[in-house]
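With chain A held as given, fit chain B onto it using these hints.
These are the residues of each chain, in order.
2 protein chains.
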Amino acid sequence: MSIVDELRPIFKPESIAVIGASRSHLKIGYETLLNTLVGGFRGKVYPVNPEAVEIMGLKAYPSVLAIKDEIDLALIVVPAQYVAKVMRECAQKKVKGAIIISAGFGEIGPEGKRMEEEVIEIARKAKIRVLGPNTMGYKSPVDNIDASFVFGMANPGRIALVSQSGALCIGMIHYANAERIGLSRIISIGNKADVDDADLIEYLDQDDATDVIAMYIEGIRDGRKFLEAARKAKKPIVVVKAGRTKSGAEATKTHTGSLSGSDEVYDSVFRQVRIQRAYDVEEMFDCARALAYQPPARGKGVGIVTNGGGAGVILSDWLEDMGLSVPDLSKKTKDDLAKILPAITLPRNPLDIIGDAGFFRYWAAGNALLEDPNIDILILICVHAGYARPREYAGAVLKLVAEKKHLNKPIISCWVGGSEIEEVIQSLKERNIPVYPSAQRAARAAKALYDEGRRMDLMQKRAKHAKR
Amino acid sequence: MSIVDELRPIFKPESIAVIGASRSHLKIGYETLLNTLVGGFRGKVYPVNPEAVEIMGLKAYPSVLAIKDEIDLALIVVPAQYVAKVMRECAQKKVKGAIIISAGFGEIGPEGKRMEEEVIEIARKAKIRVLGPNTMGYKSPVDNIDASFVFGMANPGRIALVSQSGALCIGMIHYANAERIGLSRIISIGNKADVDDADLIEYLDQDDATDVIAMYIEGIRDGRKFLEAARKAKKPIVVVKAGRTKSGAEATKTHTGSLSGSDEVYDSVFRQVRIQRAYDVEEMFDCARALAYQPPARGKGVGIVTNGGGAGVILSDWLEDMGLSVPDLSKKTKDDLAKILPAITLPRNPLDIIGDAGFFRYWAAGNALLEDPNIDILILICVHAGYARPREYAGAVLKLVAEKKHLNKPIISCWVGGSEIEEVIQSLKERNIPVYPSAQRAARAAKALYDEGRRMDLMQKRAKHAKR
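For the record, the sequence lines run as chains A and B.
Going letter by letter, the first sequence gives residues 1300 to 1767 in my numbering.
Going letter by letter, the second sequence gives residues 1300 to 1767 in my numbering.
Excised from the complex, chain A in its bound form (with noise of 0.2 Å):
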């Protein structure tokens, strides 16, 4: 059976059944009943609560054998030390498929891995995928299924989220939804003892919703499954590896109870399946963001259109920092700048169209600029100096992003400036327009989009070689 035909129940299910869904809204079963309920999710919903007649509304079931329908998805929110009598009904009944948010396993020592063990044993003769135990579950805004115990949706949009830090999660659902950036799915993998990165990477990468993966990791166990299903991934995966150092190693052991191994075998790792890497939330988003909403990059030459020069010269900067180039135009384009730029403005990379430029300017360069056959990607930089016309930035920011589809670049913004062109700036990310607050965060996208131009590279490399 293929992956995603073996996940299918618990990411697609057509009925759930919440064991251990609760009256009492104190308590976890409560809210994740809630959760699946409010979420939006189109299929059967059936609370399992030995002592309850009715729950929200809906029938309550003593046990899952009760139910007299078929359950893809069993929810289960018992405590750890009756997670396995629930999982033998659910092997009974023939469920399909399970997540276990219960905590009190792997993770709190050697007593919880023995009972986790049981539980995926029981589990796997069954023939039953299991999501957890100690996780979260998961939310899948394109498909209005929130299968979680806290509550909060994010976005609708191309980048799935896979995160072994519960909290964390959601966490960056909030930091998303600030930042306008849509989610496809957030997954939280728990202690992963079934389901680990690399099933979910190998299942994302089939996933129609889903452009890019990014991910929280702590620790895989499985280092070879891991290389594997990331090496065939058609699709960029960004990933936070946390614990790199001797203090943040020692943190995850308490944490997810991860080894999270040696950094050097996980960094050369990422360099070889050319997974990108991020040291921070932060960087993971603005690397997902650009690799979700912009065409990989054919080579490492950089234009820049801004209205300061400073600002220019510190991007010129970071991107020979990170390895691309700021090059010069072609003749073409430069006597083609000359006719549109006034007499002090100089036709160079990076390109000052100095503080009073307006709409056409601003765009005409930009045209300009994604015409150069030396140009791979465009970083158009809006400071919010005095005689700025953000909104007019804006305007040619679209203008070209629409207009210039064909020609296959990238384009990326970076806007430096105040809470007064926050709207301004909301209204591109709305519209997935990459924008980043800073040269260093701009030239970092930059660069994941010329690394995901070279793994494309490599990937039709590897299918001509696979032809012949």
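Honestly, the hints are just simulated from the structure, not real lab data.
C-beta: ideal position from N, C-alpha, C; glycine also.
Any given hint could turn out to be false.
Stretch-level coverage of chain B by chain A, calculated; a stretch enters the list once three of its residues show a Cβ under 8 Å from a Cβ in chain A [stated by the list, open to error]: (1) 1536-1546; (2) 1600-1614; (3) 1664-1678.
Chain B only, in chain A's frame:
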């Protein structure tokens, strides 16, 4: 004459002549006059314009010589070719200081350079110190003086900003306002034909309104003078030195006409005099904010309190990257923590007080770590997770900052979340609590406080040595 006396007419004038004041609101001479008036300057303002009788309700003078009163500051906005004549009149009038806003001097090439030298020669003979040419001017929120041609004022605060880029200067004011970072003076340094970075370091180091000096620099001409001023400075200095790569250096040439010089030399100079180097505007403000409002750190031990484990891991990694440490807690702290924390929480560093922590646990954990002799810096993380209570955490942060001042240990916050907690974050920033949205940035700020502590140690050692 001391630098404070020399620059007093420029930065603390009692009378300003705006030479080139204009009635046409499209001209810089109009904006400049307007700004001096609306900025709230309490001294006298004299518009100088041979073609006008009255501008903005003020009597206009044909030349500075026609003004009867003494003039402290001449704000010169006439075209470049007339500046020498104007400066001669200023010399004759015994004007005490000048700002040349006009562009078209050294930054445009040899001919401009010649004019610049001529003007400065006239000023020097008359003992007039000159800011510029090619400067935006300056703004002093602490004194209500706006001697610039670009509208917009910063909030008053303890950080002085010196910028070689005019547009970036304004962008940085907007950025600071949005970040609730207060500024004492914002000085656009222009071509540095007379007053240069070293002068401003010396001046601002003696300025009661300033605690931290933040600078954007593309090139320094007199390295020895700069070194001397920086070495003597009692206040911390944070510098973005742009043009540090080949691409960046090329860009500075056309931007400010700076020769940005060997970056290795700059870097070694900065290290020698313990200047904190930042690589982007955001990083510069992150450091400056911490330095302005938190004490320097006595050692490298960082204590972390977090409501989300993953964020603690990422932060630990970053701290170790920066050369700081996440030390074990003392026996006493562990015993104290055991009494106040729930059973599943381990008394270790980073201290994960888990997702359901409220005010008391957050405060008590922070308090215990602050009292620990192994801890020199406290970082309080708030992940905007499902069960987090941001308002309560903010209260705990404020209480710790207010009540633990005597411990003289820096307290930093790292809040990872979305726009929903933005209001709480802003309220902390308004009370000068350094809050950062990512582990990387919080760690960088901690490093700045550690480095400042080492600079203090060095200065004390030097002072002792000098006494003997």
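To see whether the hints hold, each was checked on the structure:
1. 1536-1546: Three-residue rule met by the stretch 1536-1546 of chain B, so holds; n is 7.
2. 1600-1614: holds (count 8)
3. 1664-1678: violated (count 0)
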